[in-house]
Structure formats: structure tokens, C-alpha cells
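Protein chains: 2
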Amino acid sequence: MSPLSSSLLNPRLSFSLKPLFLFSQSSFAPRKFQIPRQFVSAKRKTFSALASEQSSATDNGGRSGGGGRSGALSPSPVVEEVQRIDVNPPKGTRDFPPEDMRLRTWLFNHFREVSRLFGFEEVDYPVLESEALFIRKAGEEIRDQTKFSMTVAVFHFYVQLYCFEDRGNRRVALRPELTPSLARLVIQKGKSLSLPLKWFAIGQCWRYERMTRGRRREHYQWNMDILGLPEVTAEAELISSIVAFFKRIGITESDVGFKVSSRKVLQEVLRCYSVPENLFAKVCIIIDKIEKIPIDEIKRELNATGLSEEAIEELLQVLSIKSLTKLEEILGGAGEAVADLKELFSLAEKFGYSEWIQFDASVVRGLAYYTGIVFEGFDRKGKLRAICGGGRYDRLLSTFGGDDVPACGFGFGDAVIVELLKEKGLLPELNLEVDNIVCALDYDLQGVAAEVATKLREKGQSVDLVLEIKPLKWVFKRAARTNAQRLVLVGNTEWQQGMVGVKILSSGEQYEIKLDELE
Amino acid sequence: MSPLSSSLLNPRLSFSLKPLFLFSQSSFAPRKFQIPRQFVSAKRKTFSALASEQSSATDNGGRSGGGGRSGALSPSPVVEEVQRIDVNPPKGTRDFPPEDMRLRTWLFNHFREVSRLFGFEEVDYPVLESEALFIRKAGEEIRDQTKFSMTVAVFHFYVQLYCFEDRGNRRVALRPELTPSLARLVIQKGKSLSLPLKWFAIGQCWRYERMTRGRRREHYQWNMDILGLPEVTAEAELISSIVAFFKRIGITESDVGFKVSSRKVLQEVLRCYSVPENLFAKVCIIIDKIEKIPIDEIKRELNATGLSEEAIEELLQVLSIKSLTKLEEILGGAGEAVADLKELFSLAEKFGYSEWIQFDASVVRGLAYYTGIVFEGFDRKGKLRAICGGGRYDRLLSTFGGDDVPACGFGFGDAVIVELLKEKGLLPELNLEVDNIVCALDYDLQGVAAEVATKLREKGQSVDLVLEIKPLKWVFKRAARTNAQRLVLVGNTEWQQGMVGVKILSSGEQYEIKLDELE
Numbered sequence: 001m002s003p004l005s006s007s008l009l010n011p012r013l014s015f016s017l018k019p020l021f022l023f024s025q026s027s028f029a030p031r032k033f034q035i036p037r038q039f040v041s042a043k044r045k046t047f048s049a050l051a052s053e054q055s056s057a058t059d060n061g062g063r064s065g066g067g068g069r070s071g072a073l074s075p076s077p078v079v080e081e082v083q084r085i086d087v088n089p090p091k092g093t094r095d096f097p098p099e100d101m102r103l104r105t106w107l108f109n110h111f112r113e114v115s116r117l118f119g120f121e122e123v124d125y126p127v128l129e130s131e132a133l134f135i136r137k138a139g140e141e142i143r144d145q146t147k148f149s150m151t152v153a154v155f156h157f158y159v160q161l162y163c164f165e166d167r168g169n170r171r172v173a174l175r176p177e178l179t180p181s182l183a184r185l186v187i188q189k190g191k192s193l194s195l196p197l198k199w200f201a202i203g204q205c206w207r208y209e210r211m212t213r214g215r216r217r218e219h220y221q222w223n224m225d226i227l228g229l230p231e232v233t234a235e236a237e238l239i240s241s242i243v244a245f246f247k248r249i250g251i252t253e254s255d256v257g258f259k260v261s262s263r264k265v266l267q268e269v270l271r272c273y274s275v276p277e278n279l280f281a282k283v284c285i286i287i288d289k290i291e292k293i294p295i296d297e298i299k300r301e302l303n304a305t306g307l308s309e310e311a312i313e314e315l316l317q318v319l320s321i322k323s324l325t326k327l328e329e330i331l332g333g334a335g336e337a338v339a340d341l342k343e344l345f346s347l348a349e350k351f352g353y354s355e356w357i358q359f360d361a362s363v364v365r366g367l368a369y370y371t372g373i374v375f376e377g378f379d380r381k382g383k384l385r386a387i388c389g390g391g392r393y394d395r396l397l398s399t400f401g402g403d404d405v406p407a408c409g410f411g412f413g414d415a416v417i418v419e420l421l422k423e424k425g426l427l428p429e430l431n432l433e434v435d436n437i438v439c440a441l442d443y444d445l446q447g448v449a450a451e452v453a454t455k456l457r458e459k460g461q462s463v464d465l466v467l468e469i470k471p472l473k474w475v476f477k478r479a480a481r482t483n484a485q486r487l488v489l490v491g492n493t494e495w496q497q498g499m500v501g502v503k504i505l506s507s508g509e510q511y512e513i514k515l516d517e518l519e
Numbered sequence: 001m002s003p004l005s006s007s008l009l010n011p012r013l014s015f016s017l018k019p020l021f022l023f024s025q026s027s028f029a030p031r032k033f034q035i036p037r038q039f040v041s042a043k044r045k046t047f048s049a050l051a052s053e054q055s056s057a058t059d060n061g062g063r064s065g066g067g068g069r070s071g072a073l074s075p076s077p078v079v080e081e082v083q084r085i086d087v088n089p090p091k092g093t094r095d096f097p098p099e100d101m102r103l104r105t106w107l108f109n110h111f112r113e114v115s116r117l118f119g120f121e122e123v124d125y126p127v128l129e130s131e132a133l134f135i136r137k138a139g140e141e142i143r144d145q146t147k148f149s150m151t152v153a154v155f156h157f158y159v160q161l162y163c164f165e166d167r168g169n170r171r172v173a174l175r176p177e178l179t180p181s182l183a184r185l186v187i188q189k190g191k192s193l194s195l196p197l198k199w200f201a202i203g204q205c206w207r208y209e210r211m212t213r214g215r216r217r218e219h220y221q222w223n224m225d226i227l228g229l230p231e232v233t234a235e236a237e238l239i240s241s242i243v244a245f246f247k248r249i250g251i252t253e254s255d256v257g258f259k260v261s262s263r264k265v266l267q268e269v270l271r272c273y274s275v276p277e278n279l280f281a282k283v284c285i286i287i288d289k290i291e292k293i294p295i296d297e298i299k300r301e302l303n304a305t306g307l308s309e310e311a312i313e314e315l316l317q318v319l320s321i322k323s324l325t326k327l328e329e330i331l332g333g334a335g336e337a338v339a340d341l342k343e344l345f346s347l348a349e350k351f352g353y354s355e356w357i358q359f360d361a362s363v364v365r366g367l368a369y370y371t372g373i374v375f376e377g378f379d380r381k382g383k384l385r386a387i388c389g390g391g392r393y394d395r396l397l398s399t400f401g402g403d404d405v406p407a408c409g410f411g412f413g414d415a416v417i418v419e420l421l422k423e424k425g426l427l428p429e430l431n432l433e434v435d436n437i438v439c440a441l442d443y444d445l446q447g448v449a450a451e452v453a454t455k456l457r458e459k460g461q462s463v464d465l466v467l468e469i470k471p472l473k474w475v476f477k478r479a480a481r482t483n484a485q486r487l488v489l490v491g492n493t494e495w496q497q498g499m500v501g502v503k504i505l506s507s508g509e510q511y512e513i514k515l516d517e518l519e
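In order, the protein sequences belong to chains A and B.
Okay, so the first sequence: first residue is 1 according to UniProt numbering, each after it adds one.
Okay, so the second sequence: first residue is 1 according to UniProt numbering, each after it adds one.
Isolated chain A (complex conformation) (with noise of 0.2 Å):
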């Protein structure tokens, strides 16, 4: 048996041998019957010679391919060298094997539950978008700009677009974030939508990260948003949403907790010292820095905007505050972040996740498009990233040149949950899981084999069908791999009396069945 033939009759064999023929070549290697070499070879002409007749490929007369399963036999074919592919993917992209699937899955199954609870409908956009749609119209100013990507001109603050020119030279993007598409598709919809609407998404989004340890380039978001909504309760519903999920996956207010503030704080104190509203976004900015760079260069950079002395103490003041207390006190209570705030903390305690959030003045988030409150999901220990973040989003729509509308909503990554999961040993153990491996044990059987699958599936089992005639060890250990719960054998002497044989395989029971009693 040649090494080819015998490895197309046992796959595993197969898949440690080293590839000779290019797949343009023939594949008719025998299967069931084996040919001799050597008379194979005296009948049929080898690959190299009929290359060489390639330019005159008349009839020769040579049928020689009629009867024969044999071309790949031969061994004197092109032996070009094939240079192996890089089979990482790209930069900053993940495959998703069947286990990392399985975890996907059941985070998306968690995201999608939940929001059904809360009554949200899914939706999706395209993951290309115009570019046009993540570049601010006005405002910031944009730097770092080249042809593939630019920073800062988007509604991220930092975020380097994955921007490209298609051929018809539109400059077309990866979407960063779900928002301005949604805001798009809000528009278009028009007076069709009957508000409020209550939306989510989970889509996958895409920046041109520098390649740090544990940065990609694309990561997974949940997003849930509430639009045609000003009043607080539209936030309130959305931290319980959250709070829904982390409750649903073990995580605990111990675990993880939310930082609430408002825009309208930064704004109040701003506009106290009578600083222009379009300076706004540019100390946001600066401000979302300030766990990050030495607070010498935060007041610096505070101070190249046009801010006095006294207006960055005020503001770096009021930022260091974690009491709305303290906050009403030096804000007044007049005003609408104050008033904001209580109202949320209020709520909170009515929808029950009171111990879950709490004042930070600091945090400001990193959306430039944010009016209200904003809001993000940290860990306790402090290790992580933001888990989460949203806010209050009013003007959005309106930059876009259409009709605004009330709007919160919060985006919610794959990556982050998963590293704290990991930390806390939360992270599920997830295997594949069949009702069923079916088996023939002698080829004339395979058939039958398909049929008992047939009827299980139809009744709604799942079935590993193996597809080959295999020893009953193989069959075993395959079966221990897919945690197959039970095992049919398709055997003749049973079948004879239209029988198959049953085997439990946590238990070890065994009984021969009729097939139509099978369930």
C-alpha cells in the first residue's frame, strides 16, 4: 500500500503527511482498491510528461484516464515548493476555535437574555461605514492623520480609525463604536419609530491599536440604548440592565461597582468661570487623562487651553470629589447635575442596585458626544480597565444634521468581562455536549447508521454520526470527547432483527432497542 493510498483510508495518518501535489493536480488517489504501482504507472502517463504536451493538447489517442483511479499514484509529479501561509490571523484579530466559541456564545447568550428581559430589541449595522459618519464635524482639530487611519477626529477621543478609501476612492471605515451608526439609522427612520425605542446591538468593532501586549485591533461590544427619553429614568433602567448581567454571571457588588457623574458638572464649573462652551470637549479631554499622565501636566495642558489658575483649581477640585453631598454643597442645588444625580441615586435604590454605584466627579468618559450622565463599570480591585461605560448622549443626532432626540446608552466589550471572570474563577466550564454518537460497525451498515440519525435528530436529538467504519475503542474515546450522553451501535446480528444496541454511557446500562422504540 503506498503511503498516499493509506493515508486516505485513515485521516489521522493522512494529516501528518507531507504534501507533495498541488491541489490543481488529480486527487483521484484509490480509495477502497488498491492498484499496484508499477501498473498503474506502465499504463498512464505521469503529470511532468503531460505538462510537457500542454501546448498541443489534441486527442492523442491515449484514453488513459478512463478506467483509472490512479493519478495521484504516480510519483514523479511537480514537487514545486509551496511556502507556508502565515496561519496566525492578522494583527490584533482573533480566530475563535470551537472552546473560545463556546465562551462567546454564552456571553452573547447572557447579553441577549437580558436584554429580552428588559424588553430591548436587537438590531445591527454594517461593520464598514462611510468614515464620514466617526468624524466630528467641528471642533477638534485632527492630528496624526494618514491615508489608513487618524486619531482624535473621531468621536473617541483617542481612537485611531481603521479607515481605508474603497475603489470607487470612498473613504470607508471599520466602525469604532455602534452609536453613530445608530444615530444614522435613527435618522433615516424618521417618524416611522415609535418612541421611546429601546434598542441593542452587540457588533463587532474595530480600531488601528499600536500592538501593546493584550491590545486588538477588534473586539466585541454589547451596546443597549434608550432614545426619545430625557428623563433620568432612562440611565436608572440601563445600570440595572448591567447590573442584571453581572448578577446572571456571579459577579458580584463586591466585584465590580459603577462610577457616576455628569457632563453638566464639568460644565457648570466651566461656565462659572465663563469659559467658552467650545472648549468643552478639548478639557474633557485632558480631564479623562488624569488617572494616567502627573497632575502637573494635566493643570499644563489645562492652562495652554485658555483656563486661569483659579478656574483649574476649581475644576480639579470639584474632580477629586466622591460626594454628591459635597458636590450639592459647593455646586449649589439648583442645578441640573445635582439634580440629576439625586434623582439616579434615588432610583438606584428603588431598582435595587444602590450598592453598586457611586459619585466620582473624575469620571467624564472617553465619547466626546456625551451631554449628561455618564457612568462606567469598574473593578474593586482596580486591575482592569473599564469594564463598561455610557452616558447621556442628547445632541448626538443633531451633528449629523438630522432632528435630536433624548438618547442614553452604554457599550459593553467582550474582553474586559472575561479577564475579571478568569480573576474571580468564574469563568464557565464549557464543552461540546451531544445527546448521541451513532456507529455502524461494518460498512454495509453506514446506511443504516444514517437512518437511525435521521430519526433521533428529528425528534429533536443532537447525533454524532461516525461517518467511517472505526474500532469500537476509537469509538469510546471519541464519544468521551463530545460527552456524548449515549452510544447506538449499528450491529448485523441485531439489525437482522431491526435492532440496534443502546449503551447509557454515565451509568453503563445496556439494552438492545427496536429502532421505532427509540426516543
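Derived from the structure by calculation, the hints contain no laboratory data.
No copy is singled out in the list; a pair is fine if it fits within one copy or between any two copies.
DSS-like cross-link-like pairs, simulated, lysine-lysine; straight-line CA separation at most 25 Å:
id: 1; residue 1: Lys189; residue 2: Lys91
id: 2; residue 1: Lys191; residue 2: Lys473
id: 3; residue 1: Lys455; residue 2: Lys342
id: 4; residue 1: Lys342; residue 2: Lys322
id: 5; residue 1: Lys503; residue 2: Lys470
id: 6; residue 1: Lys259; residue 2: Lys322
On the provided structure of chain A, position chain B as indicated by the hints.
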């Protein structure tokens, strides 16, 4: 009441309000209290006034914002014209608003459930891959190549690859199909994989199509693949799974069928005439056009490849065969083509779908890497493009420099099947359905309504919580739209006794119940 403030009180109004304010301006519109405009204006600077002071933003003593919730009331701000963005998704792409998403979810759930019944494990790969993964190493010439798309160079004969250059000068492409990524991952995982492996994926695929009517640049594809099995049982199992899918969604064998052939038929004919193997793919390209262009044009193109007229005649004769018996008469019974196909038809009987499949020698399918049996699902009225297609590709891995593994699989798009369902009147009616709509009758009870919602959600019931105070008429209208089963009303009189009002919306039954007893 100013138009803007009233709009914020009533989201329906705000939706139709022409926006005059950019998002970076204040969103301090009053919500619950009204401050007469004159009063506010007198106390506060307008935004335009603030803007003019931008360059010297120091504390001028005007703590005008401290107590106000007034900013946006000032009617004088920058009335900058915002150009409305294109509200449509990019050419050839789709949004999925709730109604479309429900259909997509319904379809994908069936894909997933069938895959589960067959014991397949879900996987996924990056939507963005190295361009090299889709370019054939040898054989086909590259034509019509531009910087951002190329034809024929890819495994699909005719696909325009949607490709770019990224910032690091790497050539990347939005995947046109999933199989090359699967091959890459299998090579990467190597011997750690247990064969046979049965994987499925549902992924978005991209092509740079010319935008003719109904053609899109993206679609979702359900793939199932079996690797490690040289036996035709693998193909039989795959077709069986598609049949199971059709049956689940109400499609019968009188609606659709499978045309089945084998690439080996063509190969055997070509070998009879000593046509070099490396012309095989080129001939397939031409054959694949057989129903699209005149037969004389087909002959001319085949002749141009160097095929003799006799070979062309026999080729076309063989390709017109629709009966396996006839094929056997011409090719003889010893070849693999006939043996494979006979085995498949015999298995189809055992699996119970022989009514669904028919032999058709003209089927070659559009992927360059197929080596054996190929099949496509078609609608029997002949109105639509192929519904799905698949085949054996035993040599794909070695084109990437990996070790070959016998393999077969199929791709099933999300577009044609929906057209078919539409035509047959089989599209499901899918609506948002919530278990409860919960509503407080006055503002002070909003928190109680939140409490009720949380309790119900913890019991697994979905709740559309009304987050604002609305007239009952509005609530009933909303309940009708969300198909709520039950209305839970929180009113003052009942709540004083710890009770809530319940109305079963289908029957009209009404009662009061203690919150603790609400199930």
C-alpha cells in the same frame, strides 16, 4: 413654554424639532421646571457672547451658570448649518432594524439548531484577513487587478475581492468566504485537533460586486465542514443537514432540489484527451458559464485553451448528462467519479432524501479548490440563483503549505433563501413580544414600578418598563405594539395597600395583587 423645552418634555415633539444647536453646546434645557426666558436671558450670557471671549477665558466674575438650568433656552446661539450625512448604509451593505434583525435571528437560529443536531461545533474567524489567504498561489492569472479589488486571483473564479492596504502597508481583505480561514486555522492547530472535525460557522462575507440591482457587497453565510473524512458519507451527511434545515423552515422537495456531480467527471474526460491537469481550473471557469452565455461562445473559449474539437464535443456531451446510468455507460464503471456518485445516491436513500437530489454533470461550482463531489441547492422553478453550494476540497490545505486533510463543506447564504421564503409565502411573522408592560401612574411611584420590573425580571419575565408618566391610552397603544401579555399598573390607592393592578391583555381579565404574590 419655549419650543425646545417643551420638546424635551415630550420626546415625540423633540423628534420633529429642527435642531439649531450643535452637540457641544449646552443641553441644559429645563425639564421639570420652567424658567421664563426673559429672566434667564437677562442673567446669562449667550453662547455667541461666550464664544467671542474665547481667547481670554478668565474668571470675569460672572458665575452665571451656577444656579441655572438654562443654557439652551437662549435663542441666540451659533446657527451653524450642519450638513445632513448620508443616512443610508454604504453601497451594497445593510442595516438591520428590529424587523430585519428578527428575521436574521430566526434564520441563524435554524442554522445553529441544525448544526447542533448534527453534532457540529461553532467557530469563527476574523472578517478581515490577509489578502494572501484568498489569492491562489499558482495556476490562474490575475486580471482586472486594481489596488482595492481583484478578480480571478481568488479562489472564487469570479469574485471581486474587497481588499485594501492597511497603515503598515499590509495587504488585507474583507473575507469573500470562510473556507480559507478554516484551512488556515486547521493548519495552525495541527495535530491538536481530533479528526474528523465537524465545524460550522455563520459569518459575514464581502465582495466588491458591481452594484447591479439586488446585488449586495456583503452577505452572511452558514458553513458546515467535515475534515478528516475521505468517505462520501461526509458529503451525504452535509446534504442531509441542509435537507433538515429546509424541512424545519417549511421548504419541501417540490420547492428545491440538489444538483450533484463530481469534479472528477470533468477530470476523467479531460484525461481521456490528455488535456494537461493544469488546464483543469481554466476549463471549469468556462464550464461554469454554460447557462449564462451562448454555447458557441463556450466552444470558442474552450478551443482557445487548446482543447481539440473532439474533446470539446465529448466534454459538452458528458456535461449534458442528467443520468448516472448514462454517465456510467460513457465513463465506464471503474472510475472514481461514477463510484463516488453512486455511493452518494445510495446513501441519500438511507438518509431519506433521495427525492431531493439529482445528478447533473454540468454542475462544477464556482470555487477553484473543489476536487470531488460538488453540489448546489436550486429552486425548482428556476427563478433564483443557487441557494447553497458545496463540495469536496481534499487539496486545499497544501496550497497553503500545510498537510492535506480530506475535507468537504458547503456555504449557504442568507439572501436567496429569504427570496425563496418570500415567494412561497413562508416568511415567518416575527414580532417583538414582551411578557409585561409595567407602568407607574404618577411620578412618585416611578421607583415602585422599577422595583416591580426588577422583581419580574429576576423571575425570568421580560418587562417593558414605562420610564415616564404617560396617559393610559398611550400605555395601551405601546402594549399593543410590543405585544405585551400583561399590564402591571402601579397606582397610589393600590400601592398604599402594597398592591398593584394587573390586566391580562389577551382576555381583558383584571385584578389587584400583592407585589410579593406577582409571578
